[in-house]
Every structure is written in structure tokens, then in C-alpha cells.
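Novice: Chains A and B supply the protein sequences, listed in that same order. Basically my numbering = 1-based index in the first sequence + 1045. Basically my numbering = 1-based index in the second sequence + 1045.
Each pair may be met inside one copy or between any two copies, as identical chains are not told apart.
Heads up, simulated EDC-like pairs for lysine to aspartate or glutamate below, C-alpha to C-alpha not over 16 Å straight-line:
hint: 1; residue 1: Lys1152; residue 2: Asp1105
hint: 2; residue 1: Lys1243; residue 2: Glu1288
hint: 3; residue 1: Lys1321; residue 2: Asp1246
hint: 4; residue 1: Lys1152; residue 2: Glu1187
hint: 5; residue 1: Lys1280; residue 2: Asp1114
hint: 6; residue 1: Lys1216; residue 2: Asp1145
hint: 7; residue 1: Lys1280; residue 2: Glu1304
FYI, nobody ran anything at the bench for these hints, they're computed from the structure.
2 protein chains.
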Amino acid sequence: MRLAVIGVGLIGGSWAKALREQSQVSEVLGIDRSEEHLDQALALGIIDRVIDYSQLAEADLVFVSIPVDQLVLELPKILDHVGPSTLVIDAGSTKRAICDSVAQHPKRAHFLAAHPIAGTEFSGPKAALADLYQGKLAIVCEIEKTAIDLQERAMKAFSALGMRVRYMGAKEHDVHVAYVSHLSHISAFMLGKTVMEKEKDDRTIFDLAGSGFASTVRLAKSSPEMWAPIFVQNKEPLLETLEAFIEHLTAFKGLIEEEAVEALTEEMKHINSIEKILNPLPLKP
Amino acid sequence: MRLAVIGVGLIGGSWAKALREQSQVSEVLGIDRSEEHLDQALALGIIDRVIDYSQLAEADLVFVSIPVDQLVLELPKILDHVGPSTLVIDAGSTKRAICDSVAQHPKRAHFLAAHPIAGTEFSGPKAALADLYQGKLAIVCEIEKTAIDLQERAMKAFSALGMRVRYMGAKEHDVHVAYVSHLSHISAFMLGKTVMEKEKDDRTIFDLAGSGFASTVRLAKSSPEMWAPIFVQNKEPLLETLEAFIEHLTAFKGLIEEEAVEALTEEMKHINSIEKILNPLPLKP
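All chains should be built: construct the whole structure from the sequences, respecting the hints.
Specialist: So this is what it looks like as C-alpha cells:
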């Protein structure tokens, strides 16, 4: 299988590395707006050669991992260029706008909308890891709109990467990730901002970071260029999410103001059950 | 040295375990309101025997690790009972109210106010770890109010535990921890609440948690009985902290509403520098 990766950073680079390690690909082609990333990806052996859209028909599988605001613009052009049996998978963190962008495209059946739930706070080809997807979840949206033989090719790739697959509607996906992923990122960024503004002495932050700050703020190292378009594209559910979060913070602040130790304790006890959610009994795959 | 631990949970239990492992103690005495914790601590070999306040004069070092609302009530009584050369160290996460509670005590010089920046999201004697304090920071407040020979005994203990020591005023300490520690805990709890309320299907939270949620919400597993009194006791700086956090969230929400991709990107780029703060060049100890 010949793989083309559009956007050879952490996500695309890891995808290529992993499929190569699993002997799933004979050749990896690369496209990126950054010459530097292309050079790095070539030097690291992540891609074998650089191509442009006009050569996309050579690929059996095109993996598109670029910021979501570019995805909605590029995806229709990418589909314009694919061959009669090419499968295109995206890795965008939003799904509704992306699915909408190709809903009427004559080659819609060549596309499978995916969101691999994997990543680190680092970016670029040098951050790519062959085991990034191992044991992780791939959310697949609007599966019924992808041609059946191409669905099978996608499942073979997910399985080679060691990924579990879960199906969702695109709109449903966007609401879930607003709550479980995007809110965490915004909270980490704003926490970082609040602390940095107050603590002008970096050494104090570092010394006290062991007290919980380091883990809650880890995501504030994430790529702004990747996340700003995600937040805007997922605006609708995200605003609702943020409103609920701000409301809860305000109410909790009120309880502290009233010195309501018992109410604060009860409130936190209830939330403690999050432990059971994050460490559930394992399900069969 | 004979050590007495009041509150034989994660913090006190780890303190005893570590000093025993470093051959610093000949015997460990235990006091706790929970019979169950005392039994566990005896069974685990963390303490050698159970005593009450009337026997505290037997101890060379008394380590007090109980919730901060109990600390302000118990600390004066503990000092009432100590012997002529007993040192008392507390481990409270706040320092001003605790220092105030014994400011006028005739045995004030027996007390050293400390906050070891160490812990896990677990609690109880079973959670105690011999290496919990290794490489961690001990913040010491109002050091000048502790007798010089007892200061030396405390430094010897911190050093045996592998801890660095940093000195601060009690009020200054409380402001720093409000920002760098307490806010992180409240943010994690409220994040957990927001997600749990929306996502009635636990499986969805678990599946998507890899996307950042798990690390930002880890602290929401913390002990409510320990944290509620801390939040109330540190009310003043904490309310200011929460106000700033809520303001930043509201402003960020506004930028998303306006679809201001560039402003969002700039804002996050600035916060990205938190990476340098959390991974600074090492200082000489």
C-alpha cells in the first residue's frame, strides 16, 4: 500500500511511522506547507519523497492531518485529485464542519471522517512516535457515507495501529469533545495565564508546581496554531460548555465566600466518583 | 530520636516511613481520631504504638498532619503537652491561620510551621510512601520564631528526607499556594463536575479521556475532607485567584464567540511559555 501524508507533524508522522513499522506500506509520500517539516520528515525516514496534489492519485491511502480551518478548505481539493480507489482519512479534532465541507462532493465516498484520540503536547515530525496510536481510540463519523471497500481498508489500518474504533454522528462527536477535550485545554491555558500573571517570579511557580499545578497545566503547552481554529470551529457546543464551567466555578466560589465547609465537602465527594469513571473495569475490545 | 505522628495518613505515614528507612528514629508513636487508620498503621509497621496527648512529652519530634481546621484547634493543645526539648512540625497546606493559632502560646518556640509540597491524590496509611518527600520542597514559615536548636533538628529531618527548604512569610505562602496549588484543585473539581453532568454515559468520558481530560482532572480525586477546610481557611487570597481565573475564562469565551482566531492564537502563544517555567534550567541545591 502506498501512503500519502498531508501534514507531516506529530499526528501524520506518527501515522506513517506506525504503518511502516507494521509493514503496511511500501512507500510514504509527503505534502506539507512547511519546507522545514518536509526536510525533517525525509531525514527521519518518515516519508520517502515529497509530492504535490497532482500526484495524489498514486496513493492508496491519503492521511490528512492539518489544522481544522485548513482541512475544510483543502479536503475538497484533495478529493478532486484522488484516484478511483484512493481512501482519504482525516484526523481533525472537529467533525461537523469537515463532513459538511465535502457533503456534496462527487467523490464523498472516498472519504472517511476520523478523529484519533491520541497526541502529546509536542508537535512537528520530530515529535512523531511509532506507538502513538497503540491502544487508543479512533472515532469514526458518518461511516455510512464511505464506500464499503474503503471502509474495510480503513479498519485494516486502524487495526494494524492497535486502535479501537467507535462510531458517532459528526454533531454528537463535536459535543462530546467540547466537554471532554476542548474544555480541558482551555482550562489549562487560563490556569497557566492566571498563575503567570500573579507569580512574576518563575522560580516560585516551579517550586510549588509539585502541588498539582504541573499536571493540570500540562495542556497549556499545546500548539496555539492547531487549537485556535478548533475552538472557533466548535464554537457552538464549546460556548455552552464554557458557560457551565464558569457557572460551577462561580457557585463554588460562593460556597468558599460563605465558608460552607460541609457543602464544599459534599460537592467534592460527589465529584470524587470521577475516579470510577477514569478507572473503570476493562471492557472486552 | 523518638517520633510522634499525629494523623497517620498519607502525609504522616510517609514521614514516619521515610525517617525510619533513613535510620533516624528509634520508635514511632501514633495518634489519630480514626481507630481504623491506627490499626492499619500498626499493621503496616508505620507506627510502633498508639499514645495520647498526655504522652507527647516522650517524643523528640511531633509531626502533625491533620486537616487544617483541626490543626488550628489541636496545635495549642499539642504544645501544652510537649516536653522541654520537643520539636513540633506541622504539614498544613495553609500557614497564616495556623501560625496565628499559636502566636501567643508560651511554647511557641517549640513549633516550626512547615508545608511539605508533596502528596498524591490518594489518602490513608496504606497510601504512605517512603520516598514521597525525596527531592521535594519544604516551605518553612516564621522560622525566626522557632528555637535555634529545634530549627537544627528540623533541618536534619528535612535533609534526611531528601527535601529542599525554602523560607517564606506565612501570608506570602498562602497567596502563592492559592495560585499555584489551590486553584488547580478547584479547577479540576469543577472540570470534573461539568463533564460528569453533561456526559451521562461514563463510557464516553473514559474513551475520550485520553484527549487531555485525564491529566487535567486527576486532582478531582483528592480528599474533600482535607480540601474544604483549606479552601475556607485560605478564603481571602483564593477568592481573588478565582475571580482572575473566571475573568480570563470569560474573556477567552468572548474571543471564541467573535471567532477571533488570531487573538486566540496570540493569547495561547504567550501562555505557551509556561513550558520554560515548568522545565527551567536546574538550580544548584
